[in-house]
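S.K.: The listed protein sequences derive, respectively, from chains P and V.
Mapped onto our numbering, the consecutive letters of the first sequence carry residue numbers 1 to 424.
Mapped onto our numbering, the consecutive letters of the second sequence carry residue numbers 1 to 455.
One or more of the hints may lead you astray.
Stretches of chain V that chain P covers, calculated by requiring three or more beta carbons in the stretch to come under 8 Å of a beta carbon on chain P [stated by the list, open to error]:
1. 38–51
2. 282–294
3. 323–331
The following residues of chain V were derived to be distant from chain P, with all beta-carbon distances above 12 Å [to be verified]:
4. Gly-168
5. Lys-352
6. Val-446
7. Leu-447
Derived DSSO-like pairs (lysine-lysine); straight-line CA-CA distance at most 30 Å [said to hold, decoys possible]:
8. Lys-151(V) with Lys-431(V)
9. Lys-279(P) with Lys-6(V)
10. Lys-232(V) with Lys-244(V)
11. Lys-213(P) with Lys-6(V)
Derived by calculation from the structure, the hints in this document are not laboratory data.
Quick caveat: nothing in here was measured; it's all calculated off a predicted structure.
Yeah, the Cβ is synthetic: ideal placement off N, Cα and C, and Gly gets one too.
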Amino acid sequence: MNLLNIPNEKYKLPNGLEIILFQNNTLPFTAVNIWYKAGSANEIKGKTGLAHLFEHMMFQGSKNVPKEMHFRYIQEAGGTLNASTSFDRTNYFEKLPSNDLELALWLESDRMGFFLEALDQVKLDNQKSVVLNERLERYDNQPYGLAWEKIISNLYSENHPYNWPTIGHYKDIESYNLDDVRSFFQHYYSPSNSTVVIAGNFEVNKTKSLIEKYFGEIKNNGTPLALKSNSPSLEQLKFITSEDKVNLERIYLAWHSQNAFHTDDAALDILSDLLTGSKNARLTRKLVYELEIAQDVNTMQFSGKYGGHFMIVATAKPGKPLDEIKKIIMDEISILTEENISPRELERSKNVIKSNFIYSLQNIETIADMLNLYNFYLGEPNSFNFDLNRYNSVSENNISEVVKKYLQNNYVELRIVPERKNAN
Amino acid sequence: MRTDRKNRPASSGEINFILPTVQTYQLSNGLKIYFSEKNDLPLIRINFLVNNGSRFDPDNLKGLTNLLAMCIDEGAGKYDALQLADEFEMLGAQFSVSSDPDLSVLSLQVLRENFIPALKLLASVITEPHLKENDFNREKRKVLVRLEQVKAEPDYVADISFEYFLFGSDSPYAFPVLGIEPTVQNIQIESVRILYQKNFSPFNASIVVVGNIDLKSLQTELDDVFGKWNGKTTIEEPLVNLKKSRRKVFIINKKDAVQTEIRTGHLSSKRSEKDFFQKQIMNLALGGQFSSRLNLNLREKSGYTYGIHSRFNYFKEAGYFEVSTSVDVENTTNALREIYSEINNIKDGITKEELEFAKSSLTKRYPANFETFRQIATNISSKIINNLPDNYFETYIERVNSVSLADVNKITLDSIHPAELTTVLVGDSNKILGQINKDEFGETVVLDYDDVFNN
């Protein structure tokens, strides 16, 4: 599809920094999106969460940018900004009126090249406290908030890089010191370990010289070796029950599946859509509409560089046993191994996916991030059409194949149940 | 040669931005259309707005408008609930219904090539919903379970309790959109059908369309699906009582919670062109963005929280000022002291630097509020809901720039009232009470969430 062809120019500076330029001058904004190829997968035991804490530290100023000014400069210029950390990578992004692109390049290059000069204990202590509160707010104090952590720590073995959550364990967050932060920076924040995407409104030649001006002199600290990781597997079924401050019981079932962009990855995404993607999806229709034993049901195919898993999550209506819900889920899985899905179900999912690709083109920041994502996983930024074709080429038969291949293996079953009331 | 990095690089010239134009017209049955053509992608977005929010809910039937919104797409025209969802999906269309205190919004995003069939489905939902009893009963059970579920969500409990204590039980804005358990139990299908008859009328609705279509074709399509739709020509608007409150702290006990959700604020005037920009600028300095006083103090200096925000929240017939955050339980009162102190201090006025920052941020960012189809539709919707002047978009930047420091500081004095702050803390009451010095925050009440709506 022509719309999904996003022509871009990709090149490298002598220090190894990769640059991807996509020009679209329709609107007067420019997005800058940087991926550092380091995420929580690169952490070591005892220091989990360091990649994410580091993301916070990157907003604490650098040699020429005082604390608090990174946000302030961009907001004052009418820009928006943020960052995120996942297992595989950390991204930093901003969108500005195009006449202030140089501001973004100055800020990003100052923290890529001259971060350590401005690092101090006060900033670290402050952000540790902020991140501890982030953990409390988003995980510990949320109903079902610790489920993800419990699932991955049981599904992935101790030595697999997806065994711990990106936010990190509470005790680990408390333990970071300045040396941890310095060493993480020196190890992973080299220009040769990152890619800068500039998308939107800009002049190509002028932008190239600005990139050279701001990023060219940053020293290459060497590129870390890729992690060695075996494909994860689960030796036995695991059943975990955990009490939480919730009023409804919830069941999670998680199977190892496949890495991002593996041949089966797209079929698993479509499987997820046809199980719970809409009211009329198989599990939603049965559990929520017909039997009314679940309040909600969701599925996801999570896939990363070093592993993936397929997950089904259902919340029970009060008084409805999780066993009954689980049975329906397992029956449905079993049906999928025996009978092909209908052509209409497959077409429906494909139509939704195709439309979503086009909807996502509305936002220049999304395009910038996708260019980085495709470049990271596939080595080719302009992979929108390739990606859509992955879905278009899935057949009815592929669906039952992936069900047989993955969902009949060992799994982790987590049940979150209400705390038993203590007499008080 | 080393790059000179000492100073912020200068901006290069001015950007060029053309605001989208909005055409408006009315169908012969009274339905108002707002249309903005946008051709860079082959898609169309519709927001269908109905003046039908929870402020219409009768006292004994809180949650009624929400249930109507939940039922309206559970079967319409020739399709039952599941078929209808299936049809939208076959078209790759994103369709959703939401409702808030003022409005019900049915929104649709669809590729140009599927616009006509998707529009027919949307129109069918609006003009010929089934509202069948069995679908209603299922949706009602869903809401009742949801009400049980949200009791475990500290942020929901905090938001809902705060609005209840802020408005007081006489006001239609006091109650959650979902309703509360005893009133939802009361709701029967008949009340839902009556509400539909009363409020789903072309005279009480507007359509916002943004997308890849020309006006003439759009007119033809809209005439075709909505032209024959008729409904009541007069709408009974509910009365909205508002009263001043006095300073009071409500602690909603959640034993062993590791954080405390904090909400504090007071009623404020409804949105008005006379003070909107001044309040917005003041709020940016106080807590409306990352480098605001509240965030720099409570997050970047003290590390009490992951984030803190303040805002003026506007309803059709009311408004309020609110600060919201969540903090580790040990720092609950430390945080509250700092919040109160920042609210007091803002009455001394904001600085010239804060004013300049706010103006620069608001005006330079303005064009980026019109990037996506959704954003444009949302902006037009906001203009309709708040009854903003025709030239609102075109004059926005000029109006922000014309605000003076004296204006902001005068409006701040008129609109921030520390003595009227209603505060809700959702957390472990024993741990919180242990931190409060006697009478420090005035009257303090401890209660369980289950008792909130009996107050």
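S.K.: Against each hint, give a clear statement of whether it holds in the structure.
M.R.: Structure-based check of each hint:
no.: 1; hint: 38–51; in the structure: holds (count 4)
no.: 2; hint: 282–294; in the structure: holds (count 3)
no.: 3; hint: 323–331; in the structure: holds (count 3)
no.: 4; hint: Gly-168; in the structure: holds, 28 Å
no.: 5; hint: Lys-352; in the structure: holds, 14 Å
no.: 6; hint: Val-446; in the structure: holds, 15 Å
no.: 7; hint: Leu-447; in the structure: holds, 16 Å
no.: 8; hint: Lys-151(V) with Lys-431(V); in the structure: holds, 20 Å
no.: 9; hint: Lys-279(P) with Lys-6(V); in the structure: violated, 57 Å
no.: 10; hint: Lys-232(V) with Lys-244(V); in the structure: violated, 36 Å
no.: 11; hint: Lys-213(P) with Lys-6(V); in the structure: holds, 14 Å
When held up to the earlier numbered hints, the structure conflicts with 9 and 10 and fits the remainder.
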